[in-house]
Structures are given as C-alpha cells and as structure tokens.
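Line by line, the protein sequences give chains A and B. Numbers 1 to 175, taken from my numbering, label the letters of the first sequence in order. Numbers 176 to 622, taken from my numbering, label the letters of the second sequence in order.
These are calculated hints, taken from the structure and not from any lab test. Just so you know, these numbers come straight off a predicted model, no measurement behind them. Do not take every clue at face value.
[Said to hold, decoys possible] Below, simulated BS3-like cross-link-like pairs (lysine-lysine); rule was C-alpha separation at most 25 Å, straight line:
#1 A:K59 with A:K173
#2 B:K327 with A:K91
#3 A:K78 with A:K135
#4 B:K549 with B:K563
#5 A:K120 with A:K160
#6 B:K549 with A:K148
#7 A:K120 with A:K101
#8 B:K549 with A:K135
#9 A:K173 with A:K101
#10 B:K549 with A:K91
#11 A:K120 with A:K173
#12 A:K59 with A:K101
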Amino acid sequence: MSDHHDGIVEHDNHLPNWWLATLFGTIVFALGYWTYYHSLSVGQAQAQELATDQAALAKVREAAAPPVSDDTLLAASKDNGTVERGAAVYKANCIACHGSKGEGGVGPNLTDDYWLHGHKPMAIREVITNGVVEKGMLAWGNVLGASKVNDVAAFVLTMKGTHIEGKAPQGEKAP
Amino acid sequence: MKPEVDRLYTVGEGGTRNFLHPATVSGPHTRRRRAVGIFLMALLAVLPFIDIGGTPALWLDVEHRRFHVFGWHLGPTDSYLLFFLVTAIGFSLVVASALWGRIWCGYACPQTVFLEGLYRPIERFFEGSRDAQIRLDKAPWTAAKIARKAGKLGSFALLSILLGHLFVAYFVSPKVLFSLMGQGPSAEPGIFIWVVCVSALMYGNFAWFREQLCIIICPYGRLQSVLSDRDTVVIGYDQRRGEPRGKLNTGVKGDCIDCDRCVSVCPTGIDIRQGLQLECVGCAACVDACDVVMTKLQRPTGLIRYDSQRHFDGEPRRFWRPRLVLYGAFMLAGLGALTLTAHAHRPFAAALSRQPGPPFVLDGDEVRNTFLLKAENTSAEPRRFVVKVAVPQGARVVVGEGEHTLDPDTTQRFPLVLAGPRSTGPFDVTVWVDDTELRARFAAPDR
C-alpha cells in the first residue's frame with residue numbers, strides 16, 4: 001500500500017504480526033508487573049528484596065561469627081585451638097615489635113601488669129584492630145580479618161601476667 | 176508473489192509471515208561456505224572439552240566471576256581486556272564490511288551457520304525439495320504430512336536441546352554440566368532453567384523465526400549502508416550484461432533469462448537483480464545458482480557475482496579509499512591496544528604506599544616509618560611472593576621482609592615498618608616484591 005502526495009511516495013507496509021505481538025505483549029507484561037510489584041505490592045520490589053536478603057545475610061553472619069565480648073575473648077584464651085591459631089598469627093606479624101614472648105621491643109611489653117590503652121580483652125582487641133597510629137602500632141583489622149584478630153587477642157591474653165624480662169613497664173597498672 | 180524492493184517479501188499483506196523455502200544450490204561458493212560452517216561448528220563443539228591445565232579451553236565461569244580463556248585465568252578486575260577485545264573485533268568487522276560487505280553474515284554468523292548447516296538440511300531430509308515443501312505446506316493434514324512435520328520438528332527439538340546444553344557448557348564447564356545432568360533438574364534449578372530457555376530459544380529461532388532475525392532484529396545488517404560504498408565488493412547483478420532480460424528464444428539481447436533461480440535459492444527472499452538490499456546476508460547462493468544456469472547455456476558465468484558497484488557500472492575497480500584507511504587505522508589501534516593490554520596483563524600486582532597518619536614515629540633516638548604494601552592476586556591459585564628491602568647502613572627493617580602467601584582473588588595490605596637512627600635523616604628505600612621494584616622515601620625529622 002502506498003500514498004502519493006505531490007510526487008512524494010509514502011509506503012505504509014504492515015508490520016510483521018510477531019513484531020506487534022511482542023509490542024503488545026510487553027505492554028501487557030508491564031501492566032502485570034506494575035500491578036504485582038508496585039500497585040498491589042504482592043511481590044517484593046528490588047529494594048525490598050535487597051533489604052530482606054541483607055537481613056537474612058546478617059543472621060547468617062551472626063550465626064557464623066557470634067558477637068565478641070570480654071567474656072568470649074577470655075573464654076577463647078583458655079581454648080587450646082584458638083590460642084594455637086593466635087600464636088601462629090602472633091609469630092607471623094607481632095614478634096618484630098613485641099618480642100617472641102611478648103617482652104616488648106619497639107612495642108610495649110605485653111607480659112607485665114601495665115597497659116597503655118586499657119587491659120580489658122575488648123580494649124586489646126580494639127588496639128589490634130584499629131592500631132595506635134600515632135605511636136606506630138598498625139591497624140591489623142583489614143590485614144588479618146576479624147577472626148584472626150580475635151585469635152591473636154586471645155593469645156595476647158595468655159601472655160598477660162607472665163612477667164617476662166623486657167621493655168620497661170609503660171602506662172597504668174591494671175587492677 | 177514476487178519480491179519487490181518496497182516491501183519485505185517475508186511479511187504478507189496483513190502482517191502475516193510468508194515462509195521461505197529456499198531451493199538447494201551447489202557450486203564453489205556453497206562448498207566453501209559449508210566447509211567454513213562445519214569448521215566453526217566443530218570448533219564450538221570441542222572448545223569446552225579441550226583441557227588446558229585442568230580447565231576447559233574456554234570457560235566463562237560467570238558464577239565464580241572467572242573467565243578461563245586458553246589457559247588464561249581472568250578475574251572481574253580484568254574486564255578492561257574485554258573492552259579492548261570488543262574494540263578489536265568490532266573494528267575488524269568494520270574493515271571486513273568495507274572490503275567485502277556482509278561476508279560475516281554469509282560465512283560465519285551462527286544464525287547462518289546453524290540454519291544452513293544443520294536445520295535446513297534436516298528440513299530437506301523430512302520434507303524434500305523446495306517444490307515438495309511448498310506442496311506439503313498447502314496439502315491437507317494427512318497422516319503422512321503429520322509424520323513428516325513431526326519428524327522434522329522433533330529433530331529440531333532434539334538438536335536445539337543439544338545446542339542448549341552446549342551453550343550452557345561454556346558457562347558451567349562440561350564436567351559440572353554432565354554431573355548435573357546425572358542428578359536431574361532439582362540439583363541446580365537455575366542452570367536447568369537456563370538450559371531449557373536456551374534450547375527453547377534455539378528451537379523457536381531456527382524452526383520458525385529464522386531470517387526475521389537478520390532482517391528485522393540484527394543491527395549489523397543496518398550498518399551495511401554506512402560501512403560500505405561503491406567500491407565494496409558485494410554480491411550483485413551485472414545489469415549491463417543481463418538486461419534486457421527475457422526468456423530463452425524470445426529474441427531479447429540480455430544474458431538474464433529471467434529463470435528466477437536466483438530468487439528461489441535466496442534464504443531471505445529477495446531478488447538480487449533489484450540491487451543490494453538490507454535483507455542480503457551475502458551468502459552467494461544466487462551466485463552459484465546463476466553460474467549453473469549460465470554454464471548450461473554456454474554463456475560466461477558471473478552474471479551475478481562478487482564485485483564492486485563501481486565495476487558493475489563499468490568503471491575501473493578501486494581498492495584504496497579514505498574509509499578503508501580510516502577503518503584500517505581504527506582496526507590497527509584496536510588490535511594494538513588489545514595486544515598491548517593482554518601482553519601487559521599480570522595476575523599479580525604490588526604497590527607501596529605510606530600508612531595514613533603521621534609520617535614518622537620518634538622513639539628515643541630511633542625514627543620509625545610505616546608503609547603499606549598492597550598486593551593483589553587476581554589468579555585462581557594462591558600466590559607466594561618474597562619481599563626484600565634495601566635500606567642504608569644503620570637502618571633496619573622491623574616488619575615486612577620475607578615470604579608471604581596471598582589467597583586467590585584477594586587484595587591484602589602488608590605492613591612494612593622501617594627504623595633508622597635519627598642521625599641518618601631521610602633516605603630512599605627500595606623494595607623488591609619478587610622481581611618488581613618499588614620505591615619509597617623514609618621520612619625523618621631534620622637532623
């Protein structure tokens with residue numbers, strides 16, 4: 001079929017039916033989609049689905065890594081497996097500054113009763129994780145990861161009070 | 176109904192589909208095309224099964240975000256290579272289009288290769304020649320017709336399922352695919368649905384949709400008009416030799432005897448004698464068809480042939496044109512960028528930076544600096560590396576020298592603590608990570 005106007009020819013050929021079916025199909029689909037997800041909210045929209053999944057993920061993570069507290073770290077310091085793992089981490093990363101037995105060197109003595117940044121297990125963990133940058137203690141949280149930090153914190157707790165001759169006491173005496 | 180230039184032959188008056196029944200054709204172009212097609216299909220079929228160092232030659236492991244390409248193991252951070260690959264391939268295709276028109280469509284496109292190499296031969300096996308196919312479509316539904324159609328469509332379905340599995344094998348590896356096939360759909364429903372969907376797409380495409388994809392959906396064919404010019408070698412009809420056309424023994428002078436063989440063999444339903452058209456996929460079936468007729472009539476072959484529009488018009492052929500130089504430069508730039516980036520690609524990288532915070536720590540007479548060595552392993556294997564540090568006399572490395580192991584696909588920062596007497600002052604530090612040399616400056620207060 002074609003039309004002529006002032007010598008200009010316009011062809012008006014039929015679109016393929018499958019093409020039209022696709023077009024109308026997408027319109028029908030869009031209506032259904034909009035009703036299902038947005039208007040009636042039967043299904044979860046992307047943002048809601050993400051929130052649901054993240055909540056589920058948080059639960060899985062919590063189950064895999066229970067919350068850490070002074071008590072759990074103290075308990076971990078009495079667990080042979082954890083202490084062994086912590087000792088390995090200590091040997092690989094901490095010896096250079098704190099000495100092979102925790103007697104100190106560049107870093108403070110870990111075996112005496114004096115603590116610069118708190119003696120509580122969580123305080124020790126905090127120092128390992130975030131470091132004390134102005135004094136040269138590195139932030140190990142990103143390097144080691146949370147579970148290795150917990151292990152090495154538990155190991156450090158086992159050295160507490162072993163009184164190895166080394167660097168002179170610094171900080172406040174722990175009660 | 177005869178093909179017209181003003182409308183699609185495959186779309187009927189009311190938008191209905193006009194199905195094509197291309198006649199079989201034989202000749203040098205068809206043979207060459209078949210050989211290329213068989214080679215490409217064989218390549219596609221064996222690539223996932225070739226083992227290179229424990230992984231398939233080509234395994235696009237989307238689930239673990241890792242591409243295994245001929246013994247190369249690429250991670251998500253290597254996706255920039257994909258950009259250069261696409262650039263190189265894209266510009267090569269542009270050059271090929273300027274030189275030889277849609278040679279890709281006719282010879283190498285999977286749509287053509289599968290349709291002409293597998294599906295159409297099966298169709299001809301069950302339904303016979305072009306004329307027999309047309310008769311069968313018009314015939315009433317008898318048991319014989321149902322048997323033929325069922326045989327054809329059943330074979331199409333089986334073939335499509337096979338291709339669906341092959342396709343998915345590229346993404347999950349044949350080993351995983353075979354193990355999943357043994358366990359049934361419930362083992363990995365997501366992958367099963369992929370296989371079903373791809374198989375259904377293959378079936379719908381090759382049993383029904385066919386040339387509609389090339390004519391209406393594929394964007395590459397549309398580019399033909401801007402990429403080619405009068406010097407591009409395309410399939411064309413020698414009008415000066417063929418016209419005026421007319422049946423044999425009617426006294427007309429042209430070589431074309433209007434036998435319509437070129438139309439009946441065309442897989443997209445056009446009449447090449449109306450000139451180069453969007454629908455032409457450059458398959459050269461009409462060339463072979465016409466040559467057979469011309470040979471029988473003892474007239475020279477090549478009435479329909481590969482040639483440039485300029486030469487068809489009686490002017491001398493021309494090879495070099497500005498567009499060829501431009502496209503060629505783009506292609507070389509694309510290929511060069513791909514080669515360089517691929518050559519420079521390393522699955523391991525190391526960089527040295529300062530720890531955020533104060534540049535140095537004073538501890539009595541000793542100055543300490545902390546650096547962070549960022550190491551990145553994008554390979555699938557753990558990576559061991561040795562760190563060595565060169566410092567001037569008197570200074571020492573507190574932490575950081577020695578051997579480290581980096582897990583697959585990880586980035587880690589390793590601390591590097593250096594110390595030196597205050598009297599030494601600032602100095603240059605060289606760090607070697609295996610053979611990579613990194614430099615830094617040790618900061619210290621003024622003496």
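Hint by hint, work out which the structure violates, then give me just those numbers in ascending order. 1, 2, 3, 12
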